[in-house]
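Q: In order, the protein sequence lines correspond to chains S and H.
Position 15, counted from 1, in the first sequence is what the working numbering calls 15; the numbers after and before it change by one each time, with no gaps.
Position 25, counted from 1, in the second sequence is what the working numbering calls 25; the numbers after and before it change by one each time, with no gaps.
Hint data in this document are derived by calculation from the structure and do not stem from the laboratory.
Among the clues, some could well be false.
Stated by the list, open to error - Distance ranges between label pairs, derived from CB positions:
1. S:GLU87 <-> H:SER27: 34 to 42 angstroms
2. H:SER71 <-> S:GLU92: 41 to 49 angstroms
3. S:ALA174 <-> H:LEU197: 47 to 55 angstroms
4. S:LEU84 <-> H:GLU168: 27 to 35 angstroms
5. S:ARG18 <-> H:LEU197: 48 to 56 angstroms
Said to hold, decoys possible - Output of the computed footprint for chain S on chain H, the stretches with three or more beta carbons under 8 angstroms from beta carbons of chain S:
6. 103 to 113
7. 145 to 153
Claimed, not checked - One side of the interface only, derived from the structure: several residues of chain S facing chain H at Cβ under 7 angstroms:
8. ASP97
9. GLY98
10. GLU105
11. TYR109
12. ARG229
13. PRO233
14. HIS234
Every value quoted in this text rests on a predicted model; they were computed, and no experiment measured them.
Backbone N, C-alpha and C fix where the C-beta goes; we use that ideal spot for every residue, glycine too.
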Amino acid sequence: MEQLQNAIAESKSHPSTRTTRPIVTGASVLAIKYKDGVMVMSDTLASYGSMARYKSVQRICKVNETTLIGASGEYSDFQYLKDLVEELTDEEFDEDDGASMSPKEIHSYLSRVMYNRRSKIDPLYNFVCVAGFKEGKSYLGALDYFGSTFEEDVFTSGYGMYIALPLIRKDWSADMDEKSAVALLEKCMTVLFYRDCRTINKYNIAKVTASGVEISKPYSLKTEWSYKRFQNPHIIE
Amino acid sequence: FGYQCHSPLAQAAMFRNDYDTDVTTFSPAGRIHQVEYAIAAVKQGSACVALKSDDFAVLAAVSRKESELGSHQEKLFKVDDHLGIGISGLIADGRVLCKYLRTECLNHKFVFEGKMQTGRLVKNLSDKSQKYTQTSEKRPYGVGLLVIGYDKTGTHVFETLPSGNFFEYIAQAMGKRSQSSRTYLEKYFKEFKDMELGNLIEHALKSLKGASEETLTKNNCSVAYVGKGTKFTLLTGESLAPYMSLVDEEKKEAKKNED
Numbered sequence: 001m002e003q004l005q006n007a008i009a010e011s012k013s014h015p016s017t018r019t020t021r022p023i024v025t026g027a028s029v030l031a032i033k034y035k036d037g038v039m040v041m042s043d044t045l046a047s048y049g050s051m052a053r054y055k056s057v058q059r060i061c062k063v064n065e066t067t068l069i070g071a072s073g074e075y076s077d078f079q080y081l082k083d084l085v086e087e088l089t090d091e092e093f094d095e096d097d098g099a100s101m102s103p104k105e106i107h108s109y110l111s112r113v114m115y116n117r118r119s120k121i122d123p124l125y126n127f128v129c130v131a132g133f134k135e136g137k138s139y140l141g142a143l144d145y146f147g148s149t150f151e152e153d154v155f156t157s158g159y160g161m162y163i164a165l166p167l168i169r170k171d172w173s174a175d176m177d178e179k180s181a182v183a184l185l186e187k188c189m190t191v192l193f194y195r196d197c198r199t200i201n202k203y204n205i206a207k208v209t210a211s212g213v214e215i216s217k218p219y220s221l222k223t224e225w226s227y228k229r230f231q232n233p234h235i236i237e
Numbered sequence: 001f002g003y004q005c006h007s008p009l010a011q012a013a014m015f016r017n018d019y020d021t022d023v024t025t026f027s028p029a030g031r032i033h034q035v036e037y038a039i040a041a042v043k044q045g046s047a048c049v050a051l052k053s054d055d056f057a058v059l060a061a062v063s064r065k066e067s068e069l070g071s072h073q074e075k076l077f078k079v080d081d082h083l084g085i086g087i088s089g090l091i092a093d094g095r096v097l098c099k100y101l102r103t104e105c106l107n108h109k110f111v112f113e114g115k116m117q118t119g120r121l122v123k124n125l126s127d128k129s130q131k132y133t134q135t136s137e138k139r140p141y142g143v144g145l146l147v148i149g150y151d152k153t154g155t156h157v158f159e160t161l162p163s164g165n166f167f168e169y170i171a172q173a174m175g176k177r178s179q180s181s182r183t184y185l186e187k188y189f190k191e192f193k194d195m196e197l198g199n200l201i202e203h204a205l206k207s208l209k210g211a212s213e214e215t216l217t218k219n220n221c222s223v224a225y226v227g228k229g230t231k232f233t234l235l236t237g238e239s240l241a242p243y244m245s246l247v248d249e250e251k252k253e254a255k256k257n258e259d
């Protein structure tokens, strides 16, 4: 009883510091397994509500030689996840015993973190993909802010789930070569740029294969704006 | 000084020491006698050997019986599917450490869904052991472990001591009369790298022969192994019987040739 009364008294003096809603957010992240490994793509925007505030943000990052993670949702929570994972990789560097974490182990670790935060009603507001390639096998796992986790052949988050996923399901195959995988993701990102207001035409594309992790420099895709209806939306024909 | 070392062990094994009252005292020669006494406790335990090839690691131990009426002492323990230990010294301390190792492996499995690296587990255990060499309220653990494991970097054999030191080996033996085992292993270790499991077990048992007071039978020793595609497996009694005949075969041959 006394503990409860203390808790009530304390809560009145300290403001709530748990996440209630995301403030600075990233939009979709798309990822697909293909012949040589896994490919991940996202745009480089962190929105401040409806404002396109931070336009050169990298939402995909390398974890170690076999894994990378990408996230949509609250950007500061993604930075926190990056810090946690970096702690693990630093420890591993110090161990220096020739073993390194597999993508599955990183995925499992982050699952525990996300689920624990959800259980405290203080979630890390992200939808994360963990993409990796180790010992000849591709790995693609998903994590959300409820602590749900699963492995799949494709991953989409945010508006990508509604717009890109159907497009991917139509054209995806497990033995896609690199060119087709890039073309598929770029097609989806173009449609997302047309339809999702919280995007910009500047992307990172990354792949993880037997030769390690590669994240591209930002680049833009061709978009078509010369439709009559774009130029003169009031015309009814 | 009026202090006398009453323990027959200390009297038998070494000279009277003045700086051995507690573990937080160095001797003028720079030694911590209490830690050395703890290591002596390991040397008094019944023997344990471990050896490995590139694909398998094997443990073997002499399981003494306290009396005719009792059961043989369990010496080999599974810690996880890919990891196990053999203990020498204060068996009760060994059980406690075994529980600790099992808990560490389980916690790791829960968070990472993967096997814990043998070396990292041994390091954690050694750090824990070291703590008790630097505190006045507790004593060091009086048990040495031979840890065998198979993980991302292949097979491993580690030895841990009460001092908090640990070493990795191709083969090692600890406990009473283990020097004869070590001599045997030094003779044959170069062949272990690509050896088949059956032959490794044979070598383990043969190296154990010199360290046992009685003739080795399927009941007074135990064997365990782990490796590529093979979970930690314990062989005692009936499951060990087929390997005992291999060890005895040689004896029979030798007798035959003598006659």
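Q: Per the CB criterion, is HIS234 (chain S) less than 7 angstroms away from chain H?
A: Check failed: Cβ of HIS234 (chain S) comes no nearer than 58 angstroms to chain H, outside 7 angstroms.
Q: Verify the CB-CB distance for SER71 (chain H) and GLU92 (chain S) against the hinted window 41 to 49 angstroms.
A: holds (43 angstroms)
Q: Using the C-beta atoms of ARG18 (chain S) and LEU197 (chain H), is the stated range 48 to 56 angstroms upheld?
A: holds (55 angstroms)
Q: Does the segment 103 to 113 of chain H contain three or more residues whose Cβ lies closer than 8 angstroms to a Cβ of chain S?
A: Holds: 4 residues of the segment 103 to 113 of chain H have a Cβ under 8 angstroms from chain S.
Q: Go through the hint on ARG229 (chain S) and say holds or violated, using the shortest Cβ distance to chain H against 7 angstroms.
A: Nearest chain H Cβ about 51 angstroms off; hint violated.
Q: If you take the shortest Cβ to Cβ gap from ASP97 (chain S) to chain H, is it below 7 angstroms?
A: Hint holds; ASP97 (chain S) Cβ to chain H Cβ min 5 angstroms, cut 7 angstroms.
Q: With a cut-off of 7 angstroms on the beta carbons, see whether PRO233 (chain S) makes it to chain H.
A: With a closest approach of 52 angstroms, the PRO233 (chain S) hint is violated.
Q: Using 7 angstroms as the Cβ threshold, decide whether GLY98 (chain S) counts as touching chain H.
A: It holds, given that the least Cβ distance between GLY98 (chain S) and chain H is near 5 angstroms, below 7 angstroms.
Q: For the hint 34 to 42 angstroms, verify it against the beta carbon of GLU87 (chain S) and that of SER27 (chain H).
A: holds (41 angstroms)
Q: With a cut-off of 7 angstroms, does the beta carbon of TYR109 (chain S) approach a beta carbon of chain H closely enough for the hint to hold?
A: holds (6 angstroms)
Q: Using the beta carbons of ALA174 (chain S) and LEU197 (chain H), state whether their distance is inside 47 to 55 angstroms or not.
A: violated (37 angstroms)
Q: Interface hint check: GLU105 (chain S), Cβ to nearest Cβ on chain H, cutoff 7 angstroms. Holds or violated?
A: Check passed: Cβ of GLU105 (chain S) comes within 4 angstroms of chain H, closer than 7 angstroms.
The structure shown violates the earlier hints numbered 3, 12, 13 and 14.
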